[in-house]
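Number of protein chains: 2
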Amino acid sequence: MSASARRRTRRHRRERRSASVEVQRLPWRTVRNPHPPTRVLGEDQLEAIHEASLRVLRDIGMKVLSPKARALYARAGAKADEDTEMVRFDPEMIAQYMAKAPPSYSVKARNPAKSLDFGGNVINFGLVGGPSFVSDLDRGRRAGDYEDFRNFMKLSYSFDIIHFGGSAPLAPLDLPAPTRHLDMYYAAITLHDKVWGASLLGGYRAHDAVEMACIAHGVTRDELAAQPIVSGNINTNSPRQLDANMSDGMIELASVGQPVIVTPFTLLGAMAPTTIAGALTLQNAEALAGMVLCQIVRPGTPVAYGGFTSNVDMKSGAPAFGTPEYAKATQAGAQLARRYRVPYRASSTNASNAVDAQAAYESEMSLWASVMAHTNIVNHAAGWLEGGLTASYEKLVIDAEMCQLLAEYLEPVVVDDDTLAVDAIAEVQPGGHFFGATHTLSRYEDVFYKPIVSDWRNFETWHESGAHSAATRANAIWKQLLAEYEPPPIDPGVDEALREYVAKRKRAIDAGEVPLEQ
Amino acid sequence: MSASARRRTRRHRRERRSASVEVQRLPWRTVRNPHPPTRVLGEDQLEAIHEASLRVLRDIGMKVLSPKARALYARAGAKADEDTEMVRFDPEMIAQYMAKAPPSYSVKARNPAKSLDFGGNVINFGLVGGPSFVSDLDRGRRAGDYEDFRNFMKLSYSFDIIHFGGSAPLAPLDLPAPTRHLDMYYAAITLHDKVWGASLLGGYRAHDAVEMACIAHGVTRDELAAQPIVSGNINTNSPRQLDANMSDGMIELASVGQPVIVTPFTLLGAMAPTTIAGALTLQNAEALAGMVLCQIVRPGTPVAYGGFTSNVDMKSGAPAFGTPEYAKATQAGAQLARRYRVPYRASSTNASNAVDAQAAYESEMSLWASVMAHTNIVNHAAGWLEGGLTASYEKLVIDAEMCQLLAEYLEPVVVDDDTLAVDAIAEVQPGGHFFGATHTLSRYEDVFYKPIVSDWRNFETWHESGAHSAATRANAIWKQLLAEYEPPPIDPGVDEALREYVAKRKRAIDAGEVPLEQ
Chain A
1 MSASARRRTR RHRRERRSAS VEVQRLPWRT VRNPHPPTRV LGEDQLEAIH EASLRVLRDI
61 GMKVLSPKAR ALYARAGAKA DEDTEMVRFD PEMIAQYMAK APPSYSVKAR NPAKSLDFGG
121 NVINFGLVGG PSFVSDLDRG RRAGDYEDFR NFMKLSYSFD IIHFGGSAPL APLDLPAPTR
181 HLDMYYAAIT LHDKVWGASL LGGYRAHDAV EMACIAHGVT RDELAAQPIV SGNINTNSPR
241 QLDANMSDGM IELASVGQPV IVTPFTLLGA MAPTTIAGAL TLQNAEALAG MVLCQIVRPG
301 TPVAYGGFTS NVDMKSGAPA FGTPEYAKAT QAGAQLARRY RVPYRASSTN ASNAVDAQAA
361 YESEMSLWAS VMAHTNIVNH AAGWLEGGLT ASYEKLVIDA EMCQLLAEYL EPVVVDDDTL
421 AVDAIAEVQP GGHFFGATHT LSRYEDVFYK PIVSDWRNFE TWHESGAHSA ATRANAIWKQ
481 LLAEYEPPPI DPGVDEALRE YVAKRKRAID AGEVPLEQ
Chain B
1 MSASARRRTR RHRRERRSAS VEVQRLPWRT VRNPHPPTRV LGEDQLEAIH EASLRVLRDI
61 GMKVLSPKAR ALYARAGAKA DEDTEMVRFD PEMIAQYMAK APPSYSVKAR NPAKSLDFGG
121 NVINFGLVGG PSFVSDLDRG RRAGDYEDFR NFMKLSYSFD IIHFGGSAPL APLDLPAPTR
181 HLDMYYAAIT LHDKVWGASL LGGYRAHDAV EMACIAHGVT RDELAAQPIV SGNINTNSPR
241 QLDANMSDGM IELASVGQPV IVTPFTLLGA MAPTTIAGAL TLQNAEALAG MVLCQIVRPG
301 TPVAYGGFTS NVDMKSGAPA FGTPEYAKAT QAGAQLARRY RVPYRASSTN ASNAVDAQAA
361 YESEMSLWAS VMAHTNIVNH AAGWLEGGLT ASYEKLVIDA EMCQLLAEYL EPVVVDDDTL
421 AVDAIAEVQP GGHFFGATHT LSRYEDVFYK PIVSDWRNFE TWHESGAHSA ATRANAIWKQ
481 LLAEYEPPPI DPGVDEALRE YVAKRKRAID AGEVPLEQ
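The listed protein sequences derive, respectively, from chains A and B.
Counted the way the working numbering counts, the first sequence spans residues 1 to 518.
Counted the way the working numbering counts, the second sequence spans residues 1 to 518.
Bound-form chain A, shown alone:
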């Protein structure tokens, strides 16, 4: 080929590529794990951890910083010491209140087709939550802003494998902290149509989530309990401490029967003992104390047991994720949750600083462990990077692929005369191929999983087209999805009411009329 012909061919190829191809994605589906859950603990071991955690609650106790929470605990029979702020629990009381928690619950989405069940063998994948930073390959790592926040909401709408949008994929640091949550809720409610989450950092933030959920769904606070709409997650301040903001947030949510996930953050060697059994003992004590508080506030309030036990690097103290310790603790946590007959929450995590092989293999360790353990709520399943400090645009795309791969893996194999294909096997000669077989042609279009970002082209074609890594391809994909994004429909009256609520509350908060530690 002449040099000019080669140039023409290259240009032609570039032009073809710039006409964007549809991004392949699995349609919305409920993911269920048909296999028995993996059990890393024997029954005796499970009971030993349960018993040890009851000893911790009875003999050592939890420090509860909120007077309101201490009062609730005391009224229910716990020993609350107002001087030390320590609360100690009788094992009987723990058992009695835990028995009130439902074994499963549903949360209604604005789009009813996307309402979610939590419990049994249902696996729900959620968007990243919590980071302050955001990163993409173009602009690098930086503080997150509201534009980024809105982009993450849009991208979570773009991938049906992301079952819920979470509460805060990143902190929009360009917005004032006291009212930021209002803009975040508004974006979550309007930019996607999935289940979203309340911030439980203080009762007033939880209150606003509840009010906006009522507006979005046209229901009253009293009607909420019959059909939960907004849930929230709290982290205890491990070891053995429940801070005031968190407990006030959970009290607010529980008071209207909205689901609360209680997740101790028990890093082995830092906030917990170095042994998995010890960290689980502490995790279990704190999770029980939190879930019991919700049952005291409103018996029957949906709660979920959150497991978030990993280890640190003993040399540096840096948290590690997706480690063997993490995978085992995650699966043990699921066993503990099943013991108390409540849904279980874990996470897809990694400690990588880049969207590279480490980010993928640590996430896979977390994901497989979570899925095989029947984790009902897999938080951070899309976009988590750098031990949760950064929300990554490219990681979100790659995570969606990883979740899809697992979801499709869990679909049962169909075995019948048609799929056994003995006739097709007879039709193709020895050493031949099935490309043209009748059995193949009738299934050509949708027979196999189609990837989002995996590139299966041969080396030469891949190299010629730029030798892009998965992260670079993911960069093009999220940009395309954002460019193609169209918001889900919303009733203009509801939208207007939400905007009015946000504006009204911002005025009140700015004027100091809302007690921020309510």
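Please keep in mind that the hints were generated in silico from the structure rather than gathered at the bench.
Keep in mind it's a predicted model, so treat the numbers as computed, not measured.
Relax, there's no trap hidden among the hints.
Repeated chains share a single entry, so a pair holds when one copy, or any two copies, can fit it.
Under the rule of at most 35 Å between Cα atoms (straight-line distance), these lysine-lysine pairs were calculated in the DSBU-like manner:
hint	residue 1	residue 2
1	315	114
2	63	450
3	63	79
4	315	479
5	315	450
6	68	504
7	114	450
8	154	315
Since chain A is already given, all that's left is putting chain B on it; use the hints.
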């Protein structure tokens, strides 16, 4: 800090880093999966595939290109047609011969501590095998040579998690094809001390492996069967064809009781039907035909059932790996192998062209599926890239990490008074930390998994030190390991005898004295 002080600090840091730190690795261990194997097929489905494959063998048959193999089949009662080269099998005959295969077997390594058991819940990870190309980040993708081959042998010795060295991580294309295997065997026997493998591409190559195994271990051919030393893998030419080289190779190995792994290569949509059940039917028929041949040659010869069923990209025909279809087919294959009470072989695979997130997540899909299904022989578990066309130095390091993570995950959780750590929990104040707790300090050193290549430093430190991806870090690691490599000891007389055998056989092959299709 002044600019010059900062420069000094940086220089100091560089110097410290250049003094290479020890590469962390798990010590040699037998990896066992204590969990029940995942079952993707119900018992009825398993039987339906079994029955369908027996119909294929009885009514449609296999094309067997080797006259020797056809004669063996015919003598054992199969219907062999010398004109069409087709062989058809009575289901009774299949059952009768499969019953002779042992449920497990051991293979002796030159270092007895590294001898391997195949069967039950033991998981053995192996080096990549098969590629023609090799790649590293410095020199890119290129044809492999003997220097690369030797490097892969050295690196497989450097990682104890790589249980066996395989037969051919790459083809040393700088050596003449007819005698190349002799140099490969010599490198495998001398550069590491683990189980290695025979090339079954023709009987004479298998013969040389057997002879060199005898020299290396100081045993006679007759003594081999009592303690296998060298095993080999054959791929059928799916669909339904067994080529002459492969069957002659397996006959040679089976005749001295050395283990043969029979692995059909059944890509859905290409060499097999598009349905998993159909591809498994074909895989099962071919695997049974191969294993039965070994039992005809020498009843009781160890055999393993190989599963290598994946799918193609229906648009391009390119093979895909680590897909949901791959994971399910891999686990179904394990169920079929257990049905026949023989060990199972699968693989860690991916179709990525780069050592990136895709390479990692596709490999993890394969690895988790393999490990959870009790795959006794995980081929290609270190170094496979690009659908098996390339052996990657960096991928080898990252794969070793992924195998280690799974091996460590499978270690049981210890639950006793000491690990429950209630006293340590009492010792640390609410909201405090465990860094200084007695319980922590007594376990400081070796309490957690230490990674090979994962980087858990915070973003700033990582960025300051060059922002290296996992692949770039892996590049430094394999170079360090090669620089530090010291060969395992070998008896000088044995070494001399091996060299003499290689030289003698090269002369004979070059002189045309060895029938290459023996």
